[in-house]
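Engineer: Sequence:
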Amino acid sequence: MAAARASAHGFDPVWGRGYRPEQVDRRVTELARDREDAQAHEQRLMELTGRLEAEAELLRRQVEALPPQTYDSLSDRARQILALAAEEADAARTAAREDSQALSDEADDAGRRTREAARADAEAVTADADAHATRTVEGARGAADELRTAARRDAGDVRGAALARFDEIRRRTEALLTELSQEHAERLAATTRELTGLDAAAQARETELATRSDAQLAEARRAFAEAEENARHIREDAAARAEDLIGRARAAQERTVRETERILREHTEAREEVRARMTHVRNSLAALTGRAPAEDGAAPSGEGEPS
Numbered sequence: 001m002a003a004a005r006a007s008a009h010g011f012d013p014v015w016g017r018g019y020r021p022e023q024v025d026r027r028v029t030e031l032a033r034d035r036e037d038a039q040a041h042e043q044r045l046m047e048l049t050g051r052l053e054a055e056a057e058l059l060r061r062q063v064e065a066l067p068p069q070t071y072d073s074l075s076d077r078a079r080q081i082l083a084l085a086a087e088e089a090d091a092a093r094t095a096a097r098e099d100s101q102a103l104s105d106e107a108d109d110a111g112r113r114t115r116e117a118a119r120a121d122a123e124a125v126t127a128d129a130d131a132h133a134t135r136t137v138e139g140a141r142g143a144a145d146e147l148r149t150a151a152r153r154d155a156g157d158v159r160g161a162a163l164a165r166f167d168e169i170r171r172r173t174e175a176l177l178t179e180l181s182q183e184h185a186e187r188l189a190a191t192t193r194e195l196t197g198l199d200a201a202a203q204a205r206e207t208e209l210a211t212r213s214d215a216q217l218a219e220a221r222r223a224f225a226e227a228e229e230n231a232r233h234i235r236e237d238a239a240a241r242a243e244d245l246i247g248r249a250r251a252a253q254e255r256t257v258r259e260t261e262r263i264l265r266e267h268t269e270a271r272e273e274v275r276a277r278m279t280h281v282r283n284s285l286a287a288l289t290g291r292a293p294a295e296d297g298a299a300p301s302g303e304g305e306p307s
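Sequential numbering of the sequence shown, starting at 1, is according to the UniProt record's numbering.
Errors might be hidden in some of the hints.
Simulated restraints, written as ranges between beta carbons of each label pair [claimed, not checked]:
(1) Glu-269 - His-184: 28 to 34 Å
(2) Ala-225 - Ala-189: 51 to 57 Å
(3) Gly-197 - Arg-232: 35 to 41 Å
(4) Arg-250 - Ala-210: 20 to 26 Å
(5) Glu-106 - Leu-58: 47 to 53 Å
(6) Leu-58 - Arg-112: 19 to 25 Å
(7) Arg-153 - Met-46: 56 to 62 Å
(8) Glu-116 - Gly-156: 33 to 39 Å
What the hints contain is simulated information worked out from the structure, not anything from laboratory work.
Ideal Cβ positions, reconstructed from N, Cα and C, are used throughout, including at glycine.
Based on the provided sequences and hints, a complete structural model is requested.
Structural biologist: Next up, the structure:
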């Protein structure tokens, strides 16, 4: 950019247009001081004119208040001399009055000219100050426009960089979410397999216990049937033995039933605990992956109720 020329008032242009604020402030201060001096000079002239007019009016009133002078007691020669003196005094008073009026008129003219000159100077100073202020404001507006343009460019650059950074962060976030989703899916599958194995083992244990209980019950029934058969053959001799065997068989049956019920109850509690753990794990994984949890009563694929 080419260097700007200095202004007619000695201001140094900056930013391609406008002037330095300190120079403009200094020049405006000087112009304001000159205007104040002119206004003070005009005020002093008006005060001087007022005083001269007041003194002239006082002298005129004093002269008019003097009594007319009579010279009856004097000789003719003296009266003539005094008459001439009176005429000369009248002429002097008239001349003084005329001079006073002339001075008053001249003072009025001088005051009017001074006021007009001071007013013209003040208007010129005010116009000059207004012009400088206008140019300063226009220069400041131009500089502000340039600053706004530069700020918009900078804002566009920053916004583009921010959008690029946002896109990068979004891609990285999506990749991380994909990785976490895969990891959670693998963990869910492994946990499901583990829970399915535990449930299958529990069902196998339940089946085994039920089979053993049925076998023990069948054995007891067979023993009871044999005892009854023997009792029919040796009813009299084996009655006590038969009762004993029956009592033993019933006691064994009751113990077997109680043992079976206890085992079934423990197995049921273990299975409910396992199912509660499965439900908790599924709900936790569903909260992590954002998928709806499976129904509490739904059994994993491959499991069934014991027969």
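Engineer: Now look at each hint and say whether the structure bears it out.
Structural biologist: Structure-based check of each hint:
Range check, Glu-269 to His-184: about 30 Å between beta-carbon atoms, so the 28 to 34 Å window is met. The hinted range of 51 to 57 Å is satisfied by Ala-225 and Ala-189, whose Cβ atoms lie roughly 53 Å apart. Separation of Gly-197 from Arg-232 is about 52 Å and departs from the stated range, judged on CB atoms against 35 to 41 Å. For the pair Arg-250 and Ala-210, the beta carbons lie near 21 Å from each other, so the given range of 20 to 26 Å is met.
Distance hint for Glu-106 and Leu-58: a CB-CB separation of about 19 Å, inconsistent with the stated range 47 to 53 Å. A beta carbon spacing of about 23 Å between Leu-58 and Arg-112 agrees with the range 19 to 25 Å that was offered as a hint. In this structure the hint that Arg-153 and Met-46 lie 56 to 62 Å apart at CB holds, the actual value being about 60 Å. A C-beta distance of roughly 59 Å is found between Glu-116 and Gly-156, which places it outside the suggested range of 33 to 39 Å.
The structure fails hints 3, 5 and 8 (numbered hints given earlier, in ascending order).
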